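Peer 1: What follows is the residue order along each chain.
Protein chains: 2
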Amino acid sequence: MSELISSVATFDVRFPTSRHRDGSDAMNPFPDYSAAYVVLRTTGGAEGHGLIFTVGRGTEVQVAAVRTLADLIVGASVDEIVADPGALARRLIGDSQIRWLGPEKGVVHMAAGGIVNAVWDLAARRAGTPLWKLLADLTPEQVVAQVDFRYLRDALTEEEAVALLRAGVPGRAGRERLLREEGYPAYTTTPGWLGYDDDKLTRLCQEAVEDGYDLIKLKVGADLDDDVRRMALARKAVGPEVRLAVDANQIWGVPEAVGWMTALRGFDPYWIEEPTSPDDILGHAAVRRALAPIKVATGEHVHNAVMFKQLLQAGAVDVVQIDACRVGGVNENLAILLLAAKHGVPVCPHAGGVGLCELVQHLAMFDFVAVSGSWEDRAIEYVDHLHEHFVDPVRVERGRYRVPTAPGMSGRLRADSLDAYRFPDGPAWAVADDAAAATA
Amino acid sequence: MSELISSVATFDVRFPTSRHRDGSDAMNPFPDYSAAYVVLRTTGGAEGHGLIFTVGRGTEVQVAAVRTLADLIVGASVDEIVADPGALARRLIGDSQIRWLGPEKGVVHMAAGGIVNAVWDLAARRAGTPLWKLLADLTPEQVVAQVDFRYLRDALTEEEAVALLRAGVPGRAGRERLLREEGYPAYTTTPGWLGYDDDKLTRLCQEAVEDGYDLIKLKVGADLDDDVRRMALARKAVGPEVRLAVDANQIWGVPEAVGWMTALRGFDPYWIEEPTSPDDILGHAAVRRALAPIKVATGEHVHNAVMFKQLLQAGAVDVVQIDACRVGGVNENLAILLLAAKHGVPVCPHAGGVGLCELVQHLAMFDFVAVSGSWEDRAIEYVDHLHEHFVDPVRVERGRYRVPTAPGMSGRLRADSLDAYRFPDGPAWAVADDAAAATA
Numbered sequence: 001m002s003e004l005i006s007s008v009a010t011f012d013v014r015f016p017t018s019r020h021r022d023g024s025d026a027m028n029p030f031p032d033y034s035a036a037y038v039v040l041r042t043t044g045g046a047e048g049h050g051l052i053f054t055v056g057r058g059t060e061v062q063v064a065a066v067r068t069l070a071d072l073i074v075g076a077s078v079d080e081i082v083a084d085p086g087a088l089a090r091r092l093i094g095d096s097q098i099r100w101l102g103p104e105k106g107v108v109h110m111a112a113g114g115i116v117n118a119v120w121d122l123a124a125r126r127a128g129t130p131l132w133k134l135l136a137d138l139t140p141e142q143v144v145a146q147v148d149f150r151y152l153r154d155a156l157t158e159e160e161a162v163a164l165l166r167a168g169v170p171g172r173a174g175r176e177r178l179l180r181e182e183g184y185p186a187y188t189t190t191p192g193w194l195g196y197d198d199d200k201l202t203r204l205c206q207e208a209v210e211d212g213y214d215l216i217k218l219k220v221g222a223d224l225d226d227d228v229r230r231m232a233l234a235r236k237a238v239g240p241e242v243r244l245a246v247d248a249n250q251i252w253g254v255p256e257a258v259g260w261m262t263a264l265r266g267f268d269p270y271w272i273e274e275p276t277s278p279d280d281i282l283g284h285a286a287v288r289r290a291l292a293p294i295k296v297a298t299g300e301h302v303h304n305a306v307m308f309k310q311l312l313q314a315g316a317v318d319v320v321q322i323d324a325c326r327v328g329g330v331n332e333n334l335a336i337l338l339l340a341a342k343h344g345v346p347v348c349p350h351a352g353g354v355g356l357c358e359l360v361q362h363l364a365m366f367d368f369v370a371v372s373g374s375w376e377d378r379a380i381e382y383v384d385h386l387h388e389h390f391v392d393p394v395r396v397e398r399g400r401y402r403v404p405t406a407p408g409m410s411g412r413l414r415a416d417s418l419d420a421y422r423f424p425d426g427p428a429w430a431v432a433d434d435a436a437a438a439t440a
Numbered sequence: 001m002s003e004l005i006s007s008v009a010t011f012d013v014r015f016p017t018s019r020h021r022d023g024s025d026a027m028n029p030f031p032d033y034s035a036a037y038v039v040l041r042t043t044g045g046a047e048g049h050g051l052i053f054t055v056g057r058g059t060e061v062q063v064a065a066v067r068t069l070a071d072l073i074v075g076a077s078v079d080e081i082v083a084d085p086g087a088l089a090r091r092l093i094g095d096s097q098i099r100w101l102g103p104e105k106g107v108v109h110m111a112a113g114g115i116v117n118a119v120w121d122l123a124a125r126r127a128g129t130p131l132w133k134l135l136a137d138l139t140p141e142q143v144v145a146q147v148d149f150r151y152l153r154d155a156l157t158e159e160e161a162v163a164l165l166r167a168g169v170p171g172r173a174g175r176e177r178l179l180r181e182e183g184y185p186a187y188t189t190t191p192g193w194l195g196y197d198d199d200k201l202t203r204l205c206q207e208a209v210e211d212g213y214d215l216i217k218l219k220v221g222a223d224l225d226d227d228v229r230r231m232a233l234a235r236k237a238v239g240p241e242v243r244l245a246v247d248a249n250q251i252w253g254v255p256e257a258v259g260w261m262t263a264l265r266g267f268d269p270y271w272i273e274e275p276t277s278p279d280d281i282l283g284h285a286a287v288r289r290a291l292a293p294i295k296v297a298t299g300e301h302v303h304n305a306v307m308f309k310q311l312l313q314a315g316a317v318d319v320v321q322i323d324a325c326r327v328g329g330v331n332e333n334l335a336i337l338l339l340a341a342k343h344g345v346p347v348c349p350h351a352g353g354v355g356l357c358e359l360v361q362h363l364a365m366f367d368f369v370a371v372s373g374s375w376e377d378r379a380i381e382y383v384d385h386l387h388e389h390f391v392d393p394v395r396v397e398r399g400r401y402r403v404p405t406a407p408g409m410s411g412r413l414r415a416d417s418l419d420a421y422r423f424p425d426g427p428a429w430a431v432a433d434d435a436a437a438a439t440a
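Keeping their order, the protein sequence lines are chains E and Z.
Taken in order, the first sequence gives residues 1 to 440; the numbers are from UniProt numbering.
Taken in order, the second sequence gives residues 1 to 440; the numbers are from UniProt numbering.
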C-alpha cells in the first residue's frame, strides 16, 4: 500500500509584535506578525510544513481557505505529489469553483501556495536535502515542467526557459561551492521601522554597518518632515558608501510618489519600494521614469506571475521582490525567477515577518546556482525577529545568509512556539495585556 | 438613542445549477451558482441586504471573510454610515491588518464590497427609493466624495470627475424619463452555454431574436472545431444583423487568443470577452491590437479600480464590464464608471449568476442618467436563471431591463429560497442526488 496524505492540519498562529511596534510602516502601523500554519501528514508518518504569513486580524480567513483546499489533497499519493508538485499546484489553483474567489490572487491563491510549499518541504525532507539544493539539482527540463506557462508565453516560452537554464548548467558546481563558502548577500530592515524613535534608528543603523551590511532599508511615507529628518540621521550614521533603500508600503498615488521622493533625492536613496498600489504596473513605470536613477522595487504584494510578467514587460521595476507566501508557492516563484532572468532584472526577495526569511532563502540560493547565476545587485531582506520560533532558523553572519543544510524548506515551527502563540487560545493571547505573566 | 448596526448575519447559499450545466463555460464546466449572503440588521429593525456571488466550493471562505469584516461595523451608527458609505468602505478596505490578505482583491475585497452594497441597500430602503434613483439624485460633489482617489489621480482627479458629472446634470431629468419609458438595453447569454447541445443552442438563439435581443453571447474556448460549428449554427439562426459576442473565460494565453479568434473571424464576432487572464492588462492590449475591429471586453474578474484604470490607460479594452460583487461595492464601481466615462469607453455590466442582474442594473441606470449619459453601444448582460428567488426580481421585456421601482438594491432573497438552498443543511442539499424529493 503506497503512502498517502492522511491529513492537512492548519493553525492560526499570531505573535503580538504590535506591542513594540516592530514591523511598523506607513500602511501597517500595528502589525501582529502571524501565520496560517500548514502541516501535511502522511500515512507513513512523514510531515511537510508550510506557512502563509499574515499580520493579525483575518488570519482565520486564511486558515479557512487552507482547509477548503485541503479537501483536494487528502488521500493523494505521496509518491505522485512529491514527484510532480506542479501538477498539484495546477489542480489547487485551477479548481473550477474555487478559482472564482481569485482567480490566482488573494486568500485562496496564498492558501494554494502554502500547501504547495508544504509539499516541497515534504519532498526535500524525503530526499534528505535542503530545498535549495533539491531545486538546484533538477535538470532544466525538470524545472520548466514545474511551471505553468498558460499566461506567460508572450514573454517567455518553455523553449526559452530551457535554453536559459541550460546556459547555467556548466557553472552550477562552482557557484554552489561559492555559496557554501561565502553565503548569500543580505540586507537589513531592522533599523528602519517607522515606530522607532531617532535614537533607536541611529543606533541600529550604526550596528547594521558594524555587522557588515552595505544595504539598509528605512520605512517612509507617513510624514515628509519626519522622513527628511530620519534620512539625514541615517545617512549621517552610515556614511556615503552604504546604500539606503526606502519603502513606502503603497501609501502614495503616482504624483505623490514622485513628489515625495524628489524631496528625499538629496539623501541618495538606492531604491524606492512599493511607491504605490502593487497592482499599478503602469504607475510603477511612470514613477520609475520620473525618478531614475533611483531604482523602483516591488513584489511582496504582487499577487501572481502574470503581474510580474507585466512589470518586466513595461520596464516598471529595477528590482523584483519575490515573496515565498504571496503567490502560488515554489512553482509560481520558479516562473517569476525565470521571467526576471529573461529580462535581466535582479531579484531581491522580500522577507522578515515570521518565517519569510526561512522560506525564501531557498529560492534566492536556487536562483544563484541555477537561474540568474549571479548575486550582483542582489540581496535577501533580513529582519532579526521571531527566528527563535523555528526548528531550523536562518543563520545570517556578517551580512550574509549561510546556506541551510537541514532537509526541507526551513518553515517548521517549534512545537512549544506553536502551542504558546496559537490564536486565540495560546497562553500568549490568553491575557492580552500581560503575555509574560500568562506564559510564566 | 440613535439607531445602530446590531448584527451582520451571513449565509452560505448554493443552487445546484451544475446538474443541468447552466452556466457552463471553458473555465467553469460545472458551476453551482452560490452566494455569501449578507444581512445587516439595526437596533431600529431595519435591514440591508447584499450578496457576494460565488460558484460553489469555497463559498464558506467568502462567508468567513464577511464575518471577519463584520466586526468592524457592528455597533456603528446607522445615520453615519448611510450618510457616508464611502467612509465605511475605506475603513473596511483599509484595515491595516486585514488588507494584507489582499490588498484590494480577492475574498477580503469582495467581502468589503458585500457589506458596502448592503449599506447602500439599507440607505436606499430608508430613503424609500431604488438605489439607481438615490445615486442619480446625488450632486456631482456628493458622488465624487464617495470615491477613493488615492491610486487614481494620474488618470482622473476629483476636479475632472466633478466637471464630468456637472456636464451631465442638465440632461438628467430627460434621460430619467426616457429610462422609465424604454428601459435599459439588455443582451442575453442564455443560449450560449458550452454544455448545451446544438439543437438547444439553435432553438435558444432563435428565441432570443424573437424576444427582441440584438446582441447574444456564446461561450467559446474549449474546442476550436466545436466553436466553428456552434458559431456557424448561431450565425445562421440569428441572421447577419444580430450581434454575436463570444466569451473565452480566460482560457487562453495571448498567442492562443489571437490564433483562435482569427479562426472565428469569418462569423463576425462582435467582441471577445476575457481572452486571457483578467490580470493581463498588456496582454489584453496586444490581443486588441491584433484582432481589431473585433472588440475586446473584460471586467467580471478585474479585481479593483486600479486595474480598470490601467486597462483604460493602456487602450486594452473596447468594453468595460463592471460586476456588482467583484470590487469593493458601489463606491468602487462609481470610480470605475467615472474612469470609463473619462476615457469614452462604454460599460456593459457583467451579470447572470445569482443576483448579479438584480444588483448591477442599478449601476448601469445611474451611469446612463448621471455619468456617461448614453446607452449607445451599452447593454446589461441578462441570463434567465434564478430570478425567482428574489423578492424584487429584475423585469426584462423585449430586450430591455425595466427600471426597478422598489426601494433598495434588489438583492434581497426570498425567505423560503434562503431556507431551501442554505448549504449544507438546506433541503436542496440534504439529498444530493434528488433535490426534488428532498424539498417535497
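It should be emphasised that the hints constitute simulated quantities derived from the structure, not laboratory data.
Note that the structure is a prediction, hence the values are computed from the model and not measured.
Treat the hints loosely; a few may be bogus.
Identical copies go unnamed one by one, so any copy, or any two together, can satisfy a pair.
[What the hints assert, rightly or not] Okay, derived cross-link-like pairs now, SDA-like style, lysine to any residue, Cα gap no bigger than 25 Å in a straight line:
#1 Lys200 - Arg229
#2 Lys200 - Phe149
#3 Lys236 - Ala420
#4 Lys295 - Gln313
#5 Lys342 - Pro255
#6 Lys342 - Glu256
#7 Lys200 - Ala222
#8 Lys342 - Val209
#9 Lys342 - Val258
#10 Lys342 - Glu397
#11 Lys200 - Gly315
#12 Lys236 - Arg289
Peer 1: So, for every hint listed, does it hold in this structure?
Peer 2: Quick rundown of the hints versus the structure:
Proximity of Lys200 to Arg229 under the C-alpha cut-off of 25 Å is restricted to the intra-copy arrangement: shortest distance 14 Å within a copy versus 71 Å between copies. For the identical chains of this complex, Lys200 and Phe149 are neighbours neither inside a copy (47 Å) nor across copies (35 Å), given an alpha-carbon limit of 25 Å. When the C-alpha separation of Lys236 and Ala420 is checked against a cutoff of 25 Å, the pair qualifies neither within a copy, at 41 Å, nor between copies, at 69 Å. In this homomeric assembly, Lys295 and Gln313 come within 25 Å of each other (Cα to Cα) both inside a single copy, at 16 Å, and across copies, at 23 Å.
Proximity of Lys342 to Pro255 under the C-alpha cut-off of 25 Å is restricted to the inter-copy arrangement: shortest distance 19 Å between copies versus 30 Å within a copy. Taking the closest pair of Cα atoms, Lys342 and Glu256 come within 25 Å of each other only across two copies (21 Å); inside a single copy the shortest separation is 32 Å, beyond that limit. For the homomeric pair Lys200 and Ala222, the shortest alpha-carbon distance inside one copy (18 Å) is at most 25 Å, but the shortest distance between copies (60 Å) is not. Proximity of Lys342 to Val209 under the C-alpha cut-off of 25 Å is found in neither arrangement, the shortest distances being 33 Å within a copy and 51 Å between copies.
In this homomeric assembly, Lys342 and Val258 come within 25 Å of each other (Cα to Cα) only across copies, at 24 Å, whereas the closest approach inside a single copy is 28 Å. For a Cα distance limit of 25 Å, the shortest separation of Lys342 from Glu397 qualifies neither inside one copy, at 31 Å, nor across copies, at 54 Å. Taking CA atoms no more than 25 Å apart as the test, Lys200 paired with Gly315 passes in neither setting, with 37 Å inside one copy and 49 Å between copies. Neither within a single protomer nor between protomers do Lys236 and Arg289 lie at most 25 Å apart by alpha-carbon distance, with minima of 28 Å and 52 Å respectively.
When held up to the earlier numbered hints, the structure conflicts with 2, 3, 8, 10, 11, 12 and fits the remainder.
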